[in-house]
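Build out the structure end to end from the sequences listed, making use of the hints.
Counting from 1, one number per residue, gives the positions in the sequence shown under our numbering.
Just so you know, the hints here were simulated from the structure itself, not pulled from any lab data. Among the hints, erroneous ones may be present.
Stated by the list, open to error - Here are the simulated BS3-like pairs of lysine-lysine, each with C-alpha atoms no more than 30 angstroms apart in a straight line:
1) 153 - 179
2) 162 - 179
3) 149 - 179
4) 149 - 162
To be verified - Here are the computed distance ranges between Cβ atoms for each label pair:
5) 50 - 142: 29 to 39 angstroms
6) 44 - 154: 48 to 58 angstroms
7) 17 - 176: 39 to 49 angstroms
8) 169 - 12: 36 to 46 angstroms
9) 17 - 181: 34 to 44 angstroms
10) 19 - 134: 50 to 60 angstroms
11) 15 - 94: 18 to 28 angstroms
12) 104 - 158: 22 to 32 angstroms
13) 178 - 101: 27 to 37 angstroms
Positions of the beta carbon are idealized from the N, C-alpha and C atoms, including for glycine.
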Amino acid sequence: MTSWPFPDRTPDGITVEADIAYDTYTGSVDALIAAGIIERSQLPPQVGRMPGNAAFFPDGSPVPYGCTGMPREAGYRWIEVLRDGKAEVKVYVSQEERRVRRRDSPLYEFTFDGCDGSRREHYSGNREQLVARGLPAEWMDETRKKEGKRWTKRTIQEPGRKIEIFFTPDDRFRIEIRKDALQRPAPAALPDREAGHQHPNLRLVWSV
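The structure is reproduced here in structure tokens:
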């Protein structure tokens, strides 16, 4: 079988899309076989699986149906024959390659605004990406991995907001900024009702 990823160029008639855990090769069945990505004997159907699907361990042996808890190591392949006659093959990469891909993946961010005026900002990326986004470099520089710990957490409390910084096992930082809700003035209290006095904005509907 051909090794992945291809060192020189993508084979003709095949497109490749890289994900964190695997590379997806899409093309005609003949092109995938010619490139050495799959063998004709590995094409679906596979006993116990849905029509059009097949899975194989790195050594080429079929994955028994129901083995969902087993780790997908480098070379694990998932094959799916598509409706247009093409096939899609997911080839898993090593754990080290996954760590590198996670570390170098694009900056991820989202913002959530609460109905009460609060706001939560979430950022995930490496140091260079976060600094380019405008976040203070000292936040990351003072949050480094501690010996014997997979995760490092640092909390910064400022007036009106709380900042939590996580340094992950993938050498990326996850930053959450929580801004407090707006302080709205309390509603004015109604004047006390005096004996025999009806509030001008209230109307008596029923009386016994």
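Which numbered conditions among the earlier hints are violated in the structure presented, ordered from lowest to highest?
-> Failing hints, ascending: 5, 7 and 10.
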